[in-house]
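**Student:** Chain by chain, the residues run as shown.
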Amino acid sequence: EAGVAQSPRYKIIEKRQSVAFWCNPISGHATLYWYQQILGQGPKLLIQFQNNGVVDDSQLPKDRFSAERLKGVDSTLKIQPAKLEDSAVYLCASSSDRVFRDGYTFGSGTRLTVV
Amino acid sequence: ELKVEQNPLFLSMQEGKNYTIYCNYSTTSDRLYWYRQDPGKSLESLFVLLSNGAVKQEGRLMASLDTKARLSTLHITAAVHDLSATYFCAVDNGGATNKLIFGTGTLLAVQP
Numbered sequence: 001e002a003g004v005a006q007s008p009r010y011k012i013i014e015k016r017q018s019v020a021f022w023c024n025p026i027s028g029h030a031t032l033y034w035y036q037q038i039l040g041q042g043p044k045l046l047i048q049f050q051n052n053g054v055v056d057d058s059q060l061p062k063d064r065f066s067a068e069r070l071k072g073v074d075s076t077l078k079i080q081p082a083k084l085e086d087s088a089v090y091l092c093a094s095s096s097d098r099v100f101r102d103g104y105t106f107g108s109g110t111r112l113t114v115v
Numbered sequence: 001e002l003k004v005e006q007n008p009l010f011l012s013m014q015e016g017k018n019y020t021i022y023c024n025y026s027t028t029s030d031r032l033y034w035y036r037q038d039p040g041k042s043l044e045s046l047f048v049l050l051s052n053g054a055v056k057q058e059g060r061l062m063a064s065l066d067t068k069a070r071l072s073t074l075h076i077t078a079a080v081h082d083l084s085a086t087y088f089c090a091v092d093n094g095g096a097t098n099k100l101i102f103g104t105g106t107l108l109a110v111q112p
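In the order they appear, the protein sequences are chains P and B. Following this note's numbering, the numbering of the first sequence begins with 1 at its first residue and continues without gaps. Following this note's numbering, the numbering of the second sequence begins with 1 at its first residue and continues without gaps.
Simulated from the structure, these hints should not be mistaken for lab results. If you're wondering where the values come from, they're calculated on a predicted model, not measured in any experiment. Any given hint might turn out to be false.
Stated by the list, open to error - With a Cα cut of at most 27 Å, we get these calculated BS3-like pairs of lysine-lysine: (1) P:K62 <-> P:K44; (2) P:K62 <-> B:K17; (3) P:K44 <-> B:K3; (4) P:K44 <-> P:K71; (5) B:K56 <-> B:K3; (6) P:K15 <-> P:K83; (7) P:K11 <-> P:K44; (8) P:K78 <-> P:K11; (9) P:K44 <-> B:K41; (10) P:K15 <-> P:K78; (11) P:K78 <-> P:K44; (12) B:K41 <-> P:K83; (13) P:K11 <-> B:K41; (14) P:K44 <-> B:K17; (15) B:K56 <-> B:K17; (16) P:K83 <-> P:K44; (17) B:K68 <-> P:K44; (18) B:K3 <-> B:K17; (19) P:K78 <-> B:K41; (20) P:K15 <-> P:K44; (21) B:K41 <-> B:K3; (22) P:K11 <-> P:K62; (23) P:K15 <-> B:K41.
What the hints assert, rightly or not - Computed far set for chain B versus chain P, every beta-carbon distance over 10 Å: (24) N7; (25) M13; (26) K17; (27) T20; (28) A54; (29) D66; (30) L71; (31) V110.
Quick reminder that beta carbons are idealized off the backbone N, C-alpha and C, glycines included.
Generate the whole structure from the sequences, applying the supplied hints.
**Tutor:** Written out as structure tokens, the structure is:
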């Protein structure tokens, strides 16, 4: 079974530029999550999708971050304009309807450096 | 709001020694996960604990869950250098919209 795919693996941008990350979850997984992990901290949930609807985006800085999940499969997370404090690893995860049995699967992440 | 705390934040230990990492959480949940993260890598699932009193062991690591105390422990037996990594606990918030809330992480350094 293929895992959660993310791209790019690394990205370096200047502050005030924009950037987008892509995630392809495990086939059939209805729920998709984006987490932000700042160096030395635990991952923090930014947004959760159920199919193509947003379930929780309470911690998403909506003035600069946006996310979408078209057709309930792939998802993109965008930052515009980026700030220095956005430097972090952005992890995508997915889960099935049987999350209690199958758990959560994480991608390899995208490491963003804002200079 | 569910909060998850781990201690210690940093643990330096010698090979062959035993130690325990603690994970406390603030609201009722009976599903807890332990992950390992190596530098520059993603999260590797170690244990899934799904009920009060659950205990799971894999090699030198053993995890347990006490839902009444809202406490999970990750016990390391006879540590080896290969166990050096950051360990996270994460609690499933339950309800209709399952999501993981992570602890602060414990950076484990096993010295030869």
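**Student:** Do the alpha carbons of K11 (chain P) and K62 (chain P) lie within 27 Å of each other, as the hint requires?
**Tutor:** holds, 21 Å
**Student:** Regarding the assertion that K17 (chain B) does not contact chain P, is the least Cβ-Cβ distance greater than 10 Å?
**Tutor:** Holds: least Cβ distance 24 Å, greater than 10 Å.
**Student:** Taken at face value, is the distance from the CA of K71 (chain P) to the CA of K44 (chain P) at most 27 Å?
**Tutor:** holds, 25 Å
**Student:** Are the Cα positions of K44 (chain P) and K17 (chain B) separated by 27 Å at most?
**Tutor:** violated, 32 Å
**Student:** K68 (chain B) and K44 (chain P) were given as a pair; does the straight-line alpha-carbon distance stay at or below 27 Å?
**Tutor:** holds, 25 Å
**Student:** Does the structure keep K83 (chain P) and K44 (chain P) at a Cα separation of 27 Å or less?
**Tutor:** The hint holds at about 17 Å.
**Student:** Confirm or reject: A54 (chain B) is not an interface residue toward chain P, with every Cβ-Cβ distance exceeding 10 Å.
**Tutor:** Check passes; 13 Å lies beyond 10 Å.
**Student:** Would you mind confirming whether the straight-line C-alpha gap from K15 (chain P) to K44 (chain P) stays at or under 27 Å?
**Tutor:** holds, 22 Å
**Student:** Compare the distance between the alpha carbons of K11 (chain P) and K44 (chain P) with 27 Å, and conclude whether the hinted pair is satisfied.
**Tutor:** Holds, at roughly 20 Å.
**Student:** Please check whether the beta-carbon of V110 (chain B) is more than 10 Å away from every beta-carbon in chain P.
**Tutor:** holds, 19 Å
**Student:** Please work out if K41 (chain B) and K3 (chain B) have their alpha carbons no farther apart than 27 Å.
**Tutor:** Roughly 24 Å between the alpha carbons, so the hint for K41 (chain B) and K3 (chain B) holds.
**Student:** Between K78 (chain P) and K44 (chain P), is the straight-line Cα distance small enough, at 27 Å or below?
**Tutor:** Holds, at roughly 16 Å.
Violated hints, listed in ascending order, are 2, 14 and 18; each of the other numbered hints is respected by the structure.
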